[in-house]
Amino acid sequence: MNIEITDLTRRFGRNQAVAGVSLHAGPGVFGLLGPNGAGKTTLLRMMATVIPPTTGRLRLLGRDPGTYGPRREVRRRLGYLPQNLGYYPGFTVAEFVEYFALLKEMPAARVPAAVATAVERVDLGGRARTKLRTLSGGMLRRVGIAQAIVNEPELLLLDEPTAGLDPEQRVRFRALLRELGQRATVVVSTHLVEDVGAACSQVALMDEGKIVFDGTPGELTARGTEQGTGDAPLERGYTAVLAAARA
Amino acid sequence: MSDPCHDGDVDLDRVWISVAAQVWRRQPGWLERTAGRLLRSPGLARALLTTPSLLLPWLLTSIAVLAAGAAATTDSRQPLVALLAPAVAAAAIAYCYGPGIDPAWELSCSMAVSDRMVLLTRALAVFGVNAVLGLAASAASAASASGPGSGTAAAVTFGWLIPMTAVCAFALAVATVTRSASAGATAGTGAWLITVLSGRVASGHFAAAATDTVLFLPYLAIGAVCAAVALYATRIPRGTL
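So the sequence lines, in the order shown, correspond to chains Z and E.
In the numbering used here, each residue carries its 1-based index in the first sequence increased by 26.
In the numbering used here, each residue carries its 1-based index in the second sequence increased by 1.
A portion of the hints provided could be inaccurate.
[As the list claims (entries may be wrong)] Just the calculated beta-carbon pair ranges, DEER-fashion:
#, chain 1, residue 1, chain 2, residue 2, range
1, Z, Glu-194, E, Ala-137, 54 to 60 Å
2, E, Gln-79, Z, Asn-41, 51 to 57 Å
3, Z, Gly-244, E, Val-226, 56 to 62 Å
4, Z, Gly-163, E, Ala-65, 36 to 42 Å
5, Z, Gly-112, E, Ser-77, 41 to 47 Å
6, Z, Gly-63, E, Leu-218, 15 to 21 Å
7, Z, Gly-116, E, Val-133, 46 to 52 Å
Honestly, the hints are just simulated from the structure, not real lab data.
Note that the coordinates shown come from a computational prediction; the quantities given were computed from them, not determined experimentally.
Positions of the beta carbon are idealized from the N, C-alpha and C atoms, including for glycine.
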């Protein structure tokens, strides 16, 4: 298992953002669904080792990231796309991806080819030497994805990766997700149930800091056959599970 | 048996990636290469060279302020460089710290090269650069004040390095605790201003805060405490991640 989470909590003052989450995931694409404020981003930030949990146990790639050595090793094998990707306006696409490849401690000799591969995989080859300040929001999102995959991570955490992508890019991105999920654990936090249906083999649904559903997209769809609202079967499953959790 | 036609095939994707890697690769300058060798980390060297307070506009501004201080020292016979250098360095040190000034801070916190190591490297480099700038300004003002051939080296003062250390540590501690570079810069320069004014009121001497040797021990104690606070504020609690 690349992700082993047991009773994880995270508080911000009086607000409990994550309230006792347990989760296990191996290679494949894992969708994390939920309404705004459900705790998806906080859970992802803990998995990205950006913030520590308040309580609970977290093991990533078979290591305990609570200590310096294992945490550094996890981070070398980690890819992370935050919800709000900050960027350096004066950097080019290739420079930005290269910067984070170096911070991930990739061997310097491997970096140029890895950068070229990552930039091509997100279809930004034609913009590799363009300054980030001139790119559209969707292109910046793809730059963020490129930096996340540049080290061919074993654990890839993507927070709202398709926000700002046009439909054609979203379709290509889902194909990329499926390809990456063949060897890595890919966790995708999203509001878009159609992304989950198209690309994920497992899905968890969060609400008010807890996981209220954990299963396959097919099982989530089945929950909506008799109740739930929405245009698509998966949407009806999503709303039915949320309604049951809040009842 | 392998097909000779396939043996001669060219993987165009692979060829293109090789070409793109060469075309897009950035050639690091001599400074980055040297820093990479010294730090034994190309990533840390790159992070060091992206420090806002080590970029050319910031350095030029610092040089201009200290040059003005050196010129005013010559005219007024007051050691203004000794008073300006800690404030300039405090602001620069505060802007080593990521939140609020580093747009990709969230991402940087998930990197193998730790944000704490980046901060430490940046802080030491900024302190060193500002110490050199301050010493150069001090030497320039001493040279012009003493006149040619009067032993200018002896007239260069080093005493302000100690208060500069304390003020820099204070600015860094505030920046890391509040997670705001601006708060750190304001606190550092503000605290130094209050210290200078208090020194003048207490002793009647304008530069007492930078030259009174009685204050050196308290400055060192404050520097040590603030450095400890900065290290504590940037830790990740062991065993709870």
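Now the hints, each set against the structure:
1. Z:Glu-194 - E:Ala-137: 54 to 60 Å: 57 Å, holds
2. E:Gln-79 - Z:Asn-41: 51 to 57 Å: Holds - the Cβ-Cβ distance for E:Gln-79 and Z:Asn-41, about 53 Å, lies within 51 to 57 Å.
3. Z:Gly-244 - E:Val-226: 56 to 62 Å: About 60 Å separates the Cβ atoms of Z:Gly-244 and E:Val-226, which means 56 to 62 Å holds.
4. Z:Gly-163 - E:Ala-65: 36 to 42 Å: 38 Å, holds
5. Z:Gly-112 - E:Ser-77: 41 to 47 Å: 44 Å, holds
6. Z:Gly-63 - E:Leu-218: 15 to 21 Å: 52 Å, violated
7. Z:Gly-116 - E:Val-133: 46 to 52 Å: Distance hint for Z:Gly-116, E:Val-133 is violated at roughly 26 Å.
Hint compliance for this structure: hints 6, 7 are not met, and every other hint is.
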